[in-house]
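As given, the protein sequences belong to chains A and B, one line each in that order.
Each residue of the first sequence is one higher than the one before, starting from 323 at the first, in our numbering.
Each residue of the second sequence is one higher than the one before, starting from 12 at the first, in our numbering.
Everything labelled a hint here was simulated from the structure, so no lab data went into it.
Note that the structure is a prediction, hence the values are computed from the model and not measured.
Any given hint could be a false lead.
[Claimed, not checked] Derived Cβ-Cβ restraints for the label pairs, each shown as a range:
(1) E169(B) with E463(A): 46 to 52 Å
(2) A361(A) with P139(B): 25 to 31 Å
(3) N477(A) with G150(B): 33 to 39 Å
(4) L358(A) with K44(B): 38 to 44 Å
(5) A376(A) with P37(B): 20 to 26 Å
(6) E169(B) with E476(A): 20 to 26 Å
(7) N479(A) with E133(B): 23 to 29 Å
(8) E211(B) with N479(A): 46 to 52 Å
(9) N479(A) with T220(B): 35 to 41 Å
(10) K44(B) with T381(A): 47 to 53 Å
(11) R482(A) with E169(B): 18 to 24 Å
(12) K170(B) with E476(A): 16 to 22 Å
Note that CB positions come from ideal geometry on N, CA and C, so glycine has one too.
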Amino acid sequence: MVSILCISCHTKKEAEVEKKPEYLADIGDTKFNAELDDANFIFCDSTKVLHKRAQIAYTGGTPAMEKELINNYKIQPAFESFTGYFFIRFAVNCKNETGRFRWEIVDEDFKEMKCPDALEKEIITKVKSLKKWNHPIYKGESHDGYTFLIVKIENGNIVRS
Amino acid sequence: MKKGLIIALLSCTSYMYSQGNCLIYPEGSNERKACELAHQRENLKQGSRESQIMFDSILKINPNYAWAYMEKSVAYLKRGLITEGLRLLDKAVELEPRYNLTYRAYWHFQNRNYKLCIKDLERFYALPNAFIYEMTPGGDKDMRILLGMSYAKLGNYEKGIETIENCLKSYKREEDFGLTDYHTLGMLYVKNKQYKKALEIFDKQLKITEDYPDSYYYIGLAYKALNKPEKAKVNFQKAKDKFLDGYHIRNGYLCYKVYYLDVTNELEALTD
Numbered sequence: 323m324v325s326i327l328c329i330s331c332h333t334k335k336e337a338e339v340e341k342k343p344e345y346l347a348d349i350g351d352t353k354f355n356a357e358l359d360d361a362n363f364i365f366c367d368s369t370k371v372l373h374k375r376a377q378i379a380y381t382g383g384t385p386a387m388e389k390e391l392i393n394n395y396k397i398q399p400a401f402e403s404f405t406g407y408f409f410i411r412f413a414v415n416c417k418n419e420t421g422r423f424r425w426e427i428v429d430e431d432f433k434e435m436k437c438p439d440a441l442e443k444e445i446i447t448k449v450k451s452l453k454k455w456n457h458p459i460y461k462g463e464s465h466d467g468y469t470f471l472i473v474k475i476e477n478g479n480i481v482r483s
Numbered sequence: 012m013k014k015g016l017i018i019a020l021l022s023c024t025s026y027m028y029s030q031g032n033c034l035i036y037p038e039g040s041n042e043r044k045a046c047e048l049a050h051q052r053e054n055l056k057q058g059s060r061e062s063q064i065m066f067d068s069i070l071k072i073n074p075n076y077a078w079a080y081m082e083k084s085v086a087y088l089k090r091g092l093i094t095e096g097l098r099l100l101d102k103a104v105e106l107e108p109r110y111n112l113t114y115r116a117y118w119h120f121q122n123r124n125y126k127l128c129i130k131d132l133e134r135f136y137a138l139p140n141a142f143i144y145e146m147t148p149g150g151d152k153d154m155r156i157l158l159g160m161s162y163a164k165l166g167n168y169e170k171g172i173e174t175i176e177n178c179l180k181s182y183k184r185e186e187d188f189g190l191t192d193y194h195t196l197g198m199l200y201v202k203n204k205q206y207k208k209a210l211e212i213f214d215k216q217l218k219i220t221e222d223y224p225d226s227y228y229y230i231g232l233a234y235k236a237l238n239k240p241e242k243a244k245v246n247f248q249k250a251k252d253k254f255l256d257g258y259h260i261r262n263g264y265l266c267y268k269v270y271y272l273d274v275t276n277e278l279e280a281l282t283d
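Please put together the full structure from these sequences, using the hints given.
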């Protein structure tokens with residue numbers, strides 16, 4: 323019985339080790355998902371989407387973006403128990419439109435965590451409503467690009483950088 | 012600017028941390044094979060499928076290769092894939108804390124988690140064999156300055172100032188100072204309302220470079236607090252001019268960063 327269990331464990335471990343991750347052309351690429359994404363958002367040239375966060379800026383800089391986000395954010399009492407971070411990745415196409423939003427929610431130790439559904443919906447909706455992104459100009463040419471935003475929250479309040 | 016320090020102190024820093032010299036491993040060993048394979052990945056684009064598959068192959072040969080975990084984590088962290096990036100980097104820290112704690116601290120700082128940044132750097136500097144002059148990945152700033160800024164971001168300006176003062180005192184020559192070292196200290200003096208000390212240190216900063224609008228902005232704030240509005244205005248105007256000329260501090264990990272709007276707001280307030 324013991325040996326059967328051992329064989330079973332061993333087989334499982336080997337299977338885990340052998341499991342190969344499926345990488346996209348770039349690990350930061352986000353595949354279109356009809357359940358999550360707006361079909362109207364398209365890349366101008368999907369063959370050369372940049373992964374250079376520093377090339378994408380918000381009009382007026384980070385302070386303007388944060389001011390807009392905080393002004394639009396509606397805190398609820400249920401949010402006050404949450405302290406942590408939203409890491410929100412998205413793409414900006416050459417027309418300055420945004421799409422392909424994906425996010426991770428982590429606690430103060432940067433470990434994955436859940437947050438109230440209403441808070442998640444509020445943050446993501448308000449981040450999606452930010453419209454003054456500027457697409458990358460790289461080596462003199464317009465590009466589509468990926469970027470990400472960190473929304474730091476303490477006791478339900480968005481913290482400025 | 013930092014060149015002298017970097018060249019002189021290579022033996023005291025992990026600044027040149029790389030896959031290493033493969034010849035130190037026994038011939039035919041998995042460590043040697045993984046190390047040699049690591050050299051082949053140098054031409055692969057960071058974050059590409061090919062690059063990540065190569066790291067998997069390297070780690071399959073040597074699952075205890077800390078450098079490979081760290082290097083594989085970089086593309087995830089640069090793209091905001093925080094949990095996978097940290098999972099890999101945590102493994103590198105677990106295997107070789109001396110070489111990887113400061114890199115993780117750097118990312119915690121970048122990601123605005125000052126508590127974790129402090130935790131990693133305090134652990135690093137408490138190591139019996141910690142490198143004295145440990146630099147940020149770009150090589151432009153001493154990690155003790157990041158530690159000082161992290162204390163400040165959590166509200167402890169005194170400890171932040173003390174940390175940076177001690178760091179700067181440890182430099183032996185003027186050319187050891189980085190482009191923003193004095194600026195950072197001056198900025199914290201302003202935050203801590205030590206305006207005269209701030210002005211003294213900004214004098215030194217301007218001898219390093221006169222290009223940063225951020226420095227003039229903080230000088231302006233110091234004069235404003237000392238009730239010298241004319242001098243404040245002159246410096247805010249210089250900050251504005253520098254912004255308009257396209258100057259700014261290029262690294263992204265400077266806390267209390269100054270924006271053009273901050274400067275014009277101050278100018279408008281003084282004009283009213």
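Checked hints:
no.	hint	verdict
1	E169(B) with E463(A): 46 to 52 Å	holds, 49 Å
2	A361(A) with P139(B): 25 to 31 Å	violated, 59 Å
3	N477(A) with G150(B): 33 to 39 Å	holds, 38 Å
4	L358(A) with K44(B): 38 to 44 Å	holds, 42 Å
5	A376(A) with P37(B): 20 to 26 Å	violated, 43 Å
6	E169(B) with E476(A): 20 to 26 Å	holds, 22 Å
7	N479(A) with E133(B): 23 to 29 Å	holds, 27 Å
8	E211(B) with N479(A): 46 to 52 Å	violated, 37 Å
9	N479(A) with T220(B): 35 to 41 Å	holds, 37 Å
10	K44(B) with T381(A): 47 to 53 Å	holds, 51 Å
11	R482(A) with E169(B): 18 to 24 Å	holds, 23 Å
12	K170(B) with E476(A): 16 to 22 Å	holds, 21 Å
Going through the hint list in order, the structure does not satisfy hints 2, 5, 8.
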